[in-house]
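Order-wise, the sequence lines are chains P and Y. Counted from 1, the first sequence has number 15 at position 15 by this note's numbering; the numbering is strictly sequential. Counted from 1, the second sequence has number 41 at position 41 by this note's numbering; the numbering is strictly sequential.
These aren't lab readings, by the way, just hints derived from the structure by calculation. The beta-carbon is built from N, C-alpha and C at its ideal position, and this holds for glycine as well. Watch out, some of these pointers could steer you wrong.
Below are the DSS-like pairs computed for lysine-lysine, each with C-alpha atoms no more than 27 Å apart in a straight line [said to hold, decoys possible]:
| no. | chain 1 | residue 1 | chain 2 | residue 2 |
| --- | --- | --- | --- | --- |
| 1 | P | K393 | P | K618 |
| 2 | P | K762 | Y | K189 |
| 3 | P | K759 | Y | K172 |
| 4 | Y | K193 | Y | K238 |
| 5 | P | K379 | P | K394 |
| 6 | P | K717 | Y | K305 |
| 7 | P | K516 | P | K432 |
| 8 | P | K758 | Y | K305 |
| 9 | Y | K70 | P | K520 |
| 10 | Y | K189 | P | K429 |
| 11 | P | K377 | P | K394 |
| 12 | P | K744 | Y | K309 |
| 13 | Y | K172 | P | K709 |
| 14 | P | K432 | Y | K189 |
| 15 | Y | K189 | P | K516 |
| 16 | Y | K134 | Y | K68 |
| 17 | Y | K238 | P | K436 |
| 18 | Y | K189 | Y | K252 |
| 19 | P | K393 | P | K429 |
| 20 | Y | K134 | Y | K252 |
| 21 | P | K759 | P | K717 |
| 22 | P | K744 | Y | K305 |
| 23 | Y | K172 | Y | K95 |
| 24 | Y | K305 | P | K751 |
| 25 | Y | K305 | P | K762 |
| 26 | Y | K70 | Y | K95 |
Interface residues of chain Y toward chain P, partial, derived using beta-carbon atoms under 7 Å [said to hold, decoys possible]:
| no. | residue |
| --- | --- |
| 27 | F99 |
| 28 | P178 |
| 29 | N269 |
| 30 | A279 |
Computed from the model, here is a short list of chain Y residues facing chain P with C-beta under 10 Å [as the list claims (entries may be wrong)]:
| no. | residue |
| --- | --- |
| 31 | A59 |
| 32 | H62 |
| 33 | N64 |
| 34 | K68 |
| 35 | E154 |
| 36 | R304 |
| 37 | T311 |
| 38 | E380 |
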Amino acid sequence: MSRHRVKNVGYDDDDFEDDDGYDSPDPEEQEFLQQCTAAVLGQLRAGQPSVTATTEEVQEALWHYYNDIEKTVNYLRGKKEKELKKQSTPAVQKPKVQAGLPVPGFPAPLPAEAHFSAADFFRDCPWLNVPAHRKTEILVEPLYPRLGLLGGAPESGGKMSKLAALAAARKKKEGEKAAAAVPEGPSTSQPARTEGSTIKPSGTPLSLSERLAASKLSKASETNGGLRRLSKPGASASLPARQQPAPETSKPPPPSLPEPTKQEEPEKEPEQQQPTSNIRASPSTFASVILGNATGPTMAEPSHLNSNNVDLLQIYGQDHAEPFDFAAPSPDDVVMNAQSTAKGFKSKPAASKAAKGQADLAGGMKDLSVEEKVTVKSKNLDVLAEYNKSTRKKSANFVVIGHVDAGKSTLMGRLLADQGAIDQRTLDKYRKEAEKIGKGSFALAWVMDQGSEERARGVTIDIATNKFETETTAFTIVDAPGHRDFVPNMIAGASQADFAVLVVDSSVGKFESGLKGQTKEHALLVRSMGVQKIIVAVNKMDTVQWNTERFQEIEQQISAFLTTAGFQPKNISFVPCSGVLGDNITRRSADPKSSWYTGRTLLEELETSEPYTHALDKPLRMTIGDVFRGGVQNPISISGRLDAGSLQMGDQILTMPSGETALIRSVEVDGEPSDWAVAGQNVVLNLANIDPIHLRSGDVVCRASAPIKTVTSFTAKVLAFEHLMPMQVDVHRGRLHVPGRISKLVASLDKTSGLALKKRPKIVAPGTVARVVVEIDQAVPLEAPTRIVLRAGGTTVAAGLLE
Amino acid sequence: MRLIKNTIEHNGSGAVTLCPEEPEDMWHAYNLIRPGDLLRASAIRRVTTVQDTGSTSSARVHLNLLIKVKSLDFDPQSSQLHVSGQITNETAHTKIGQFHTLDLELNRNFTLEKDVGADGEGVGWDSVAVEQLKDAVDEGGKRRAEAVAVVMQEGLAHICFIGQFQTILKQKVEMSVPRKRQGGGDHDKGMGKFFRVTLETLLRQMDFNTSLTSGANNEAVRPVLLASPGFVASGFHKYIQSEAATTTPGLKRLLPSIVVVHSASGYLNSLSEVLQSPAVKTLLADTKYARETKLMDDFLYQLRKETNKATYGPREVESAVDQGAVGRGGGVLIMSNRLFRSQDVAERKRWVSLVDRVRDVEGGEVRVLSSDHESGKRLEGLGGIAALLTFPVVEEDLDSEDDSADAD
């Protein structure tokens, strides 16, 4: 099998090269050819006897003259003039040509004469590229007496020539078909030579030879006869009139090469018309070179000499014009060539395409690897322009935070249910299942808590994103876990948020414990992560009978705390509500006890959010939130929020710190397929050409042109929540969570001016701002300015900005 | 480690013969042996002899070599100690001055000789070295208490062995577990896979034989601490239980020794919280590392509460000692044993003299923490040395601190 392969490849290569040489897929060449053609046509038209020639003719001629415009023009003019003359006085032409033309002999048949065999003659000659001087030598040969050859032809040779002739006949037929468009009669004269050699004249010589060899090879002769019979009709059908190429005898001594070229020109129609003429020339030559004797004898016949006519002369001229060497395109190629030229330039691209395909194949073999490379064509969109064009609703991401069991998930479940993002059927199903395990009140939370562990334990573990739309805004909810163990997950969620909804439990005791716990920590975290606006949902108001005083107390405490945390009072708003009942979420509470509240509902409050701007024109940055298998179609998918920049389908991305590249196979924005995505959007990228081991949540996606640097140590300006000293800390940035240590306390800083108060403090007290150096064991992608959170022992010790 | 023979002179020179019995003894040997010491141990050396005819033959010969230590190489993962130096005794196969690297082996005696030197240029058996020797020699063999801790979080598990003097991270299991998604069951599947890999790794590291019929059944199983934030550890515990109940009954032997505790994260720096948890404390009683961890916590508490009554960093502690703040009545000098491992003789002498001064002159307490424990790592972060002071020491002026910063 492999042998087959090898062979095939070899042939293919040959073909390919041939194509290269003659089909001129090279666009430059093509262009040059065009220019030449134009020039020639121009000159022809401008010349003395203005003549016209078809582009094909011109190009053919150009090809033969190696793009020599002058010669081509001469030749074409001569030819056309001749044509014209011929049309007017065809009779006159004949004698003229005959007399005046020192037609170069047909080379091949000659060497076969008595003197020496073809093999002898070509002994020291390369098979291809017969040198010019050789050609002339060949031309000399005809002077030798021919008649002696008659009997000299070996039987076998004759037979072979017949075969060759048969083949030639077939080809000729084909050629004629191809040439049918061209009404030039004489063109067909050429094959006549070969045909004649086997057919008409063969009648006698063959029988003669038969007679000579009868004793040895009667059978062979029979076959000969069969062949002859076969070929005869074909030949006669095509051109019975064409006689033998005997004229050699009448030829004057060999003309020098340039001469014939000039002389040919006038009578050179056939050559011009179609490359099919080439076919005839080449095969016959080929055959005759091998078995020169076959044609020899026929030529020698005086009758043929007599029958010499214009056509024959033309044949010779033609033969000479055809460079008689095998450097010329092979017959098959010529046919192909002819066909392609006949079709015109349309076919050229096809040829070049084929060549290209082959190149691709070769390249493909080189690139072949076990891994299957996927290529996705980029649409090369101007993403920012597309973004500006698109008319989207304003979108907002918000994170829901608060102490554990404040009712965050339930509140969001209620919001989604009331907004119709969740259908009643699903909700009923949840309710039924939740009641089954004795957690009926958690049914709404199950909308967000999809994990089996979360449902069984009734606590949110990881962030959940969901979306719903109002008339004005498309919201994305990020429901964060309240449990202190899952603060890292909450940090990941908060890093995706534009603003926050802080849910506090208004029931007695719960609010107080929450304020000490994650209510406080979460609020500080979202603030230190850059969130400006916060909506406080005072939840479970139904459990305190919508007590106004309770609400006011909570409002007071929380707003005092939030103000110290750095939220501006105008960015803080309070909504008393009940998640389980749905009061003041999307609709006003029907409870008469809550009538004192006339402010906005939670949904209305959400809609007051202003659109947020994102760094669209910055280099691409996206922290991977999750790596998962998106399905059979998308074996590797990542999700996250674009922090900066934009991307589109087909983009090459770089993931850090692994430094691996991947291809974006497709993009989903908020669950909808899209061609592109910009900063601020929650996306799912389906990747290709990367191994999932290189992808971890917390890694950063960027572009190879603007990669994010990985660091093992950084300086940060942080606000201390706890005492800071050189200590081990966990560094958080979005999903990124790595162990590290504060290696140096550089200085404690003034909160407002940022000036160093004390260099190298021994310890940094809570509430002060300090500049610290953090070392990390492994290199992580971090770049200034980015917001980081430092935690130790399960508590947040500091948060700040990377410098 | 067993002490075979002790010939330490009063002036600090002399030799001891020791027999390491368990992997952790290599760590002790690593702390005892210093460059410049003489070490005698059995060795296998390939000796190549050249005949007169020029032909060579090589043979492996057992030798008892005495080398002058040049450098040490300790691999904590496999507890292997390689000591290289120049041979100082002549044998039939080696010449004096040739280099050799001794690989200390378990249950093979070695003799360590330290010399003070005529002019006291050597260190000899100083107080710290003697203390370390005492620590190293485990007379009753009762110090075997050891625990395996698996500190984990979603997709990440650190399997480490907690010894008396070392906490060795044996293996880290890291796996990308898909997060919970809308309608995706990948998370549970991923967690199942994560648990499976972690259990396999744990059993492999523990050399735990899960077949019921094996003779190792009677062997005591070390306590296994499963620690994580949230429910990962308990989920893992449940997974082991279900495995024991279904596929691998051999695991049932492991179940009684499993303790599930809480940790703040899946990284090793939350190990202190694990060791502090009541469940672990009762399990491991009064072990050295538990004491060390407590000491560090006390120090950090003091530092937070009364900043001036605690200090850290080489310069600060030295100056506090100079002021007499580390003395009777609560002064504690806490040092990492890394400082004594210094290649520089002067450096070691500096710390040894500080230790001697606090203990003997000032009357304070000196605690040398193992740098290979979690508490020692915390101490390392503070510069390897810290002190609880008897009275508040006012901080020095900024200039000198800047100097120390530069010195760092």
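Hints, one by one, checked against the model:
no. : hint            : result
1   : P:K393 x P:K618 : holds, 23 Å
2   : P:K762 x Y:K189 : violated, 48 Å
3   : P:K759 x Y:K172 : violated, 38 Å
4   : Y:K193 x Y:K238 : holds, 14 Å
5   : P:K379 x P:K394 : holds, 26 Å
6   : P:K717 x Y:K305 : holds, 24 Å
7   : P:K516 x P:K432 : violated, 35 Å
8   : P:K758 x Y:K305 : holds, 19 Å
9   : Y:K70 x P:K520  : violated, 57 Å
10  : Y:K189 x P:K429 : holds, 23 Å
11  : P:K377 x P:K394 : violated, 30 Å
12  : P:K744 x Y:K309 : holds, 20 Å
13  : Y:K172 x P:K709 : holds, 25 Å
14  : P:K432 x Y:K189 : holds, 25 Å
15  : Y:K189 x P:K516 : violated, 36 Å
16  : Y:K134 x Y:K68  : holds, 23 Å
17  : Y:K238 x P:K436 : holds, 22 Å
18  : Y:K189 x Y:K252 : holds, 24 Å
19  : P:K393 x P:K429 : violated, 32 Å
20  : Y:K134 x Y:K252 : violated, 39 Å
21  : P:K759 x P:K717 : holds, 14 Å
22  : P:K744 x Y:K305 : holds, 20 Å
23  : Y:K172 x Y:K95  : violated, 45 Å
24  : Y:K305 x P:K751 : holds, 23 Å
25  : Y:K305 x P:K762 : holds, 13 Å
26  : Y:K70 x Y:K95   : holds, 17 Å
27  : F99             : violated, 35 Å
28  : P178            : holds, 4 Å
29  : N269            : holds, 4 Å
30  : A279            : violated, 17 Å
31  : A59             : violated, 46 Å
32  : H62             : violated, 43 Å
33  : N64             : violated, 42 Å
34  : K68             : violated, 36 Å
35  : E154            : holds, 8 Å
36  : R304            : holds, 4 Å
37  : T311            : holds, 7 Å
38  : E380            : holds, 9 Å
Violation of the numbered hints given earlier is confined to hints 2, 3, 7, 9, 11, 15, 19, 20, 23, 27, 30, 31, 32, 33, 34; the remaining hints are satisfied by the structure.
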